[in-house]
Every structure is written in structure tokens, then in C-alpha cells.
Amino acid sequence: MNQTKEDHPLTKYIAEASKQGLSKAQIIKTLTDEGWRINDILDVILERILPEDVKVQEVAPAQDAIISVRSIRKSYGKVAALDNISLDVPRGSVLGLLGPNGAGKTTLVRVLTTLLKPDSGTAIVSGINVAENPSLVRNHIGLAGQYAAIDENLTGKENLELVGKLYHLAPEVIVARTQDLLERFSLVDAANRTAKTYSGGMRRRLDLAASLVGEPEILFLDEPTTGLDPRSRSELWEVIEGLVKDGTTVLLTTQYLEEADYLADNIIMIDHGKVIAQGTARELKAQIGGGVVELHLSDKRRMTEATQLLQGVGAEPAHVDEVSGHITIPVEDGAKTLVEAVRLLYTAGLELADIELRKPTLDEVFLKLTEKGASNDK
Amino acid sequence: MTNNLTASKEHIAKQGVFWILSDIMAMTKRNLVRYIRLPQLLIFSTIQPVMFLLLFAYVFGGAIKTPGNSYINYLIPGIIVQTVIFGAMQTGVGLADDLSKGLIDRFRSLPMARSAVLAGRTIADSIRNIFVVLLMSGVGYLIGFRVHQPLSHQLLALGLTILFGFSFSWISATIGMLVKSVETAQVAGFIWVFPLVFASSIFVPVASMPNWLQTWAKISPITVTVNSVRALVLGGDVTPALWHSFMWMAAILIIFVPLAVNRYRRST
Ligand SMILES: Nc1ncnc2c1ncn2[C@@H]1O[C@H](COP(=O)(O)OP(=O)(O)OP(=O)(O)O)[C@@H](O)[C@H]1O
Ligand SMILES: [Mg+2]
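In order, the protein sequences belong to chains A and B. So for the first sequence, my numbering puts the first residue at 1; every next one is plus one. So for the second sequence, my numbering puts the first residue at 1001; every next one is plus one.
To be clear, the hints were calculated from the coordinates, so they are not data collected in a lab. Owing to the predicted nature of the structure, the values given are computational and were not obtained by experimental measurement. Do not rely on the hints blindly, as some may be mistaken.
Said to hold, decoys possible - Derived Cβ-Cβ restraints for the label pairs, each shown as a range: (1) B:1021 with A:77: 35 to 43 Å; (2) A:189 with B:1043: 52 to 60 Å; (3) B:1021 with A:20: 36 to 44 Å; (4) A:129 with B:1043: 46 to 54 Å; (5) A:278 with B:1253: 49 to 57 Å; (6) A:173 with B:1235: 50 to 58 Å; (7) B:1038 with A:183: 46 to 54 Å.
Claimed, not checked - Computed list of chain B residues with no C-beta within reach of chain A, every gap over 10 Å: (8) 1039; (9) 1062; (10) 1064; (11) 1130; (12) 1138; (13) 1144; (14) 1148; (15) 1158; (16) 1181; (17) 1182; (18) 1186; (19) 1247; (20) 1249; (21) 1261.
All C-beta atoms, glycine included, are put in the ideal place defined by N, C-alpha and C.
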């Protein structure tokens, strides 16, 4: 693919000829006279010129996108960790990347933070092509990986100072930012203790503080709140909101719907390396629907009978959840379905051991969205 | 909003030699801090060589003939080189530790010099080796190690030993970046180092070995280095061994620096 469409002799000739004001008919005549077969000309137009024109349009990042990903693929052996992912992140927004274990979240973050070369596709971060100029990209980004990357033998303060030094900041800037970050992440008291003595939550906070030392334009957070207690989690959420207010773009991955809901302007759900849904939290919720009625019979032998009986009550057919062994009914209007289900079972003389109405779990959301994706493909 | 063009210029300037050195220094310091915080690490790393020293000096020493030198005087330079090699093995272990803790990922995502992580580690381990060598010399003195060559020769011997450890650090770094786990790095280090250490002139004169082993032991990088150190501290002809030692070090560095750096760039 070295020969770009501009290089091709035909393209050059056509450009030159049209500059000289030759008509289409004249151009074609000259070309055929020179021995170009019509097939060659068609080949150039269709195979080279046309697809590239189309692709160029596709690749062009959305106007205000600070991160632009196009057709990224990355495989580990047979596992496609990223399978043709494309996405845009508008400047100053928060993108929540939601997905179950092994979805490819970390892999995508690693590609965008220059740690991993994709097999194919392009990624533009802050206007810079990541594959072509990784070292420039590093000046614009901050990364807090999935596992806290801190030096346990250094104190909290020294950890931040080291990162500042490696960002090549002026000494007085390092001192000021370190102090500020220690305060923002409630680490002042522990600042002079080695990080070895830190709790899991403190490590996580120190790691996040380290990712902010360079005051990055774009912040990548890979599961930033996994392992944090509810208080630390909401503190962290506040910090992130503050950063966004100051204009930082944030790409965060999470397994919690709730977190993406709270923080993200846009949510992209991925599974098996593919985008399976995207939109605002509200849009996605509308797709997901109301919830699930889950019930449990006293007499396990009559499960099939009950499942058939309940086929029509919910928004979608009732089925037996393989893991829990419960009968599960996806619903739109939960309370109504619940009453209806109880009535039907009662009339049929099927005794209930337990019944509840709950929000769909992430697993169910994914199940539903992947099913939808699969049926759309057909 | 930052203008990309000016931002790039500024950052290219930051890749100058000054910043590379600054990054290497920051990383060296970071790696040394743990030894300053935990001086027992230094002490412990000499226990094993001291045990070797005492074992060979008092158990096997009587049976080993070392023409021209007392066995203690013969043994100490060898043990010191061995200590430096074992110290170099820590380079790989430390890097594997950084890798498994995600620190390498953090460093690779920073706009720092690419070479600084590896250079900082190998340099820090060399500095640590200086202390260990001095400590071992002290222990040697206590059990009767005496030298009569001028101080300049002793310093040359020290420099050679440290440089030798530095080159082995790069082999170790390559292994550490390949295996990625601390335990494996530890095992992988000793698997090849142990035979190398014993098939050399560290403990016994090469002439006492079977012929097939002598062929290797005579040209082994460890033998030529130990022989140079011995000649420097105890007196004797230095030159052929010293050149061989330098050639080995150059070869090791030429092969393993690029290998390690390449692994660092690609580490996933
Ligand atoms: N270095 C690697 N070697 C082999 N396979 C890998 C490697 N890294 C990731 N994978 C595979 O790629 C897929 C995506 O992994 P990735 O770590 O990106 O998932 P994730 O969404 O971050 O999951 P989690 O929520 O568990 O962190 C998984 O199937 C994983 O096993
Ligand atoms: Mg992950």
C-alpha cells in the first residue's frame, strides 16, 4: 500500500490534463492511445481512487473529536481482543467504556496510551497519530492503569515527584503540583510514608494522583474505582467531575453501569472486542428496558410447566436462568407483570418459593444487547 | 487549547541529551532508594557469598592447590566477581517486578527517555555492587586477605569488576523483560549463571579441571575477568586476560543492550 492515489501515474496524468483544460473525451483518447487499456483505467478509478476517497471520508475525525479511533484490530493468537473498533470522543467530554471481563477495555486503553501497537486501524489522540508519533502523544495524556502502578519503596510524595520529574516539569512546578494533588486525594497525612504501608484505596488514589501530575489534556482511567469503598468512590467521582469542568477529556472504563451513568456523557458498550451499543445513559437505558421479574418455585419439577405458562406476561419470553435456576422474565412494566405472574401461577396451583422484581444486571444488559446485535446482523 | 505545532517543538527540545541524563538520574535514584531504606537488603545479599567464602576457605581450601598465592588471597578476588554477577541478576528481578506491578506501563506512557528505565536500573545495580564489593573486601580482610599492590591497581580492579557486573546486568535485564515474573526471573537467572560461575577460575585453578571443561573455562568471560582482577590486586601479568575481559564485555553489551531495549519497547 505504498502507492497512494496521488502517486499513481494515471492520477497524475488526469490531474495534469484537466489543468490544461483537456476534455474528458480527449483525456480518455490520449490514455488509450498511450496503451492504457480501459480495464486499467477502470481499475485505477474503482480499486484505487474510489475506495480511498471513501476511506478518507471515514477516517476524517469528527470535528471536535480529541480521540478518534478507526477500525482498530488487535488479536492475541486466536482471541480478537479488539475487533474492528471505531469511536470518537468529543473534546472536554467523558466517555464511559463499559464491558464485562475480557471485553477488550484494557487493550483499547493500552493502544490509545501508546503501550500497544494494534494489528491494524488508526488512532488519533489530540490530533496526533498514535502509531506514527507515540512520543508526542505522551505529552498530552495521563494514564491510571487497571492496577495501581506505584513504587512501593517510595513515599507517596516521592512517587508524585518522580512522575513530575519524568514529565520534565520545572522543580517549583513539581513541588506545587505534588502538594496540590496530595491534598485533593486526601493523602497529606500519609505523604511521607512509603507506599508499601498504604491501603488498597490509598494506593489507587496515589496512582490516580500520579496520572494527573502532567496536567494531561486527556485522562485515561482503567477501572478507576474497582476496589474502592463507597466513600472513596464518590470522592473520586467528584475529582473527575472537577477535572472535566476544567476542560480535561476523560476516557474511563468500568464494569459498573451506575458509574458510567453518573460520570459519562457518552457510553460505549463493548464485548468480545466489538462495540455492541452506544449512546447516552438515557438512550441505553431505553434500549435495556425496565427490569426483570425473577421467581423460584417450591416444586422444581414443574419449572417447565410454569415457564410455558408465563410465556406471554413480560416484555420478552420467560426463560430459566441457567446459573441461578430461577425463572426470569424481562419486563417493561415491572409491578404489573409481577402481579400477573403471581395470579397465573396461583390459578394453576403452582406454589411460589420466592419472587422479586429487580433492575437488570450488567450481564443481562449485555446478553440482551448482544442478542440484539446478533439478530440485527441477520 | 494547546497548539500542536508549538507543543511538539517544545517537547522535541525536551528529548535532548540533558533530559535523557536527567531521566536516567531520576530512575537511578529511584532504584537506589530501596537500598537506602532497607540497608539489610545489602547485608543479606552478601550473606550467600560470605558463606561460599567461608566454605571454600576452610572446608575445600586445604585440598585446593593455588601455586604462588595463599588460597584466601586466591579466592577473594574470585568471590568478589561472583558477588557482582549475582548482584547483576537482581537487575532482571527488579525489572520483572516493575513489569508485573504495572510500573513499566506507567513509565512507557510518560514522555521520558525510552532508555532511562533500563539504564537507571543497570546503573543503580552497579552502584549497589560497589558497596557490596567493599563489604566483601572487608570480610576478606578479617579472614586474612592481604594485598601489596598500589592503590591505583586496586581501584582499577574495582572499576573492572563493576563494569563486568554492569554488562551482566544487561543480560539479566533482557531475561527479566522476557519472563515478566519475579520468581521466574530469579530462577532463570541462576540456571545459566551457576554453571558459568563454577566452570571458571573463581574457586579453583582451571588447570585442575578435566580437559573438556578446560576448553571453555579458559576462555570463559568470568575466568578472564577474575584472572585480571587477581593480577591487578595481587600482582602478575595482567594484559592478555584484561583484553579478553574487555572484549567479552563489549560483545555482551553490543548484543544485550539492543535486545533489552527492544523488549522494553515491545513489552505488552
Ligand atoms: N497479553 C495478552 N496475551 C494474551 N491475551 C491477552 C493479552 N491481553 C489481553 N488478552 C486477551 O484479550 C482479551 C481482552 O482483554 P482485556 O484485558 O482488554 O479485557 P478487559 O475488558 O480489560 O477485561 P477486565 O474487565 O477483566 O479487565 C481477553 O480475552 C484477554 O484474555
Ligand atoms: Mg481490563
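Outcome of the hint check:
Our hint of 35 to 43 Å for residue 1021 of chain B and residue 77 of chain A holds, since their Cβ atoms are close to 41 Å apart. A C-beta distance of roughly 32 Å is found between residue 189 of chain A and residue 1043 of chain B, which places it outside the suggested range of 52 to 60 Å. Distance hint check: the CB atoms of residue 1021 of chain B and residue 20 of chain A are about 58 Å apart, inconsistent with the given range 36 to 44 Å. For residue 129 of chain A and residue 1043 of chain B, the Cβ-Cβ distance of about 51 Å falls inside the hinted range of 46 to 54 Å, so the restraint holds.
Residue 278 of chain A and residue 1253 of chain B have their C-beta atoms about 51 Å apart, which keeps the hinted 49 to 57 Å range intact. In this structure the supplied range 50 to 58 Å holds for residue 173 of chain A paired with residue 1235 of chain B, their Cβ-Cβ distance being about 56 Å. The hint said 46 to 54 Å for the Cβ distance between residue 1038 of chain B and residue 183 of chain A, and at roughly 29 Å that hint is violated. The beta carbon of residue 1039 of chain B is kept farther than 10 Å from every beta carbon of chain A, the shortest such distance being approximately 13 Å.
No beta-carbon of chain A comes within 10 Å of the beta-carbon of residue 1062 of chain B; the shortest separation is about 44 Å. Residue 1064 of chain B, annotated as away from the interface, keeps every beta carbon of chain A farther than 10 Å; the closest lies near 41 Å. The claim that residue 1130 of chain B is not at the interface with chain A holds, since no C-beta of that chain comes within 10 Å of its own (minimum 20 Å). At roughly 26 Å from the closest C-beta of chain A, the C-beta of residue 1138 of chain B stays outside 10 Å, upholding its exclusion from the interface.
Residue-level check passed: residue 1144 of chain B sits 37 Å from the nearest beta carbon of chain A, beyond 10 Å. Every Cβ of chain A is farther than 10 Å from the Cβ of residue 1148 of chain B; the closest lies at roughly 42 Å, confirming the non-interface assignment. Distance check on residue 1158 of chain B: its Cβ is at least 27 Å (rounded) from any Cβ of chain A, clearing the 10 Å threshold; non-interface status holds. No beta-carbon of chain A is positioned within 10 Å of the beta-carbon of residue 1181 of chain B; the least distance is around 14 Å.
Against chain A, the non-interface label of residue 1182 of chain B holds: every CB pair exceeds 10 Å, the least being about 13 Å. The beta carbon of residue 1186 of chain B sits about 18 Å from the closest Cβ of chain A, which is more than 10 Å, so the claim that it is off the interface holds. The claim that residue 1247 of chain B is not at the interface with chain A holds, since no C-beta of that chain comes within 10 Å of its own (minimum 35 Å). Listed as a non-interface residue, residue 1249 of chain B keeps its Cβ farther than 10 Å from every Cβ of chain A; the least gap is roughly 29 Å.
For residue 1261 of chain B, the requirement that its beta carbon stay farther than 10 Å from each beta carbon of chain A is met, with the minimum near 15 Å.
When held up to the earlier numbered hints, the structure conflicts with 2, 3, 7 and fits the remainder.
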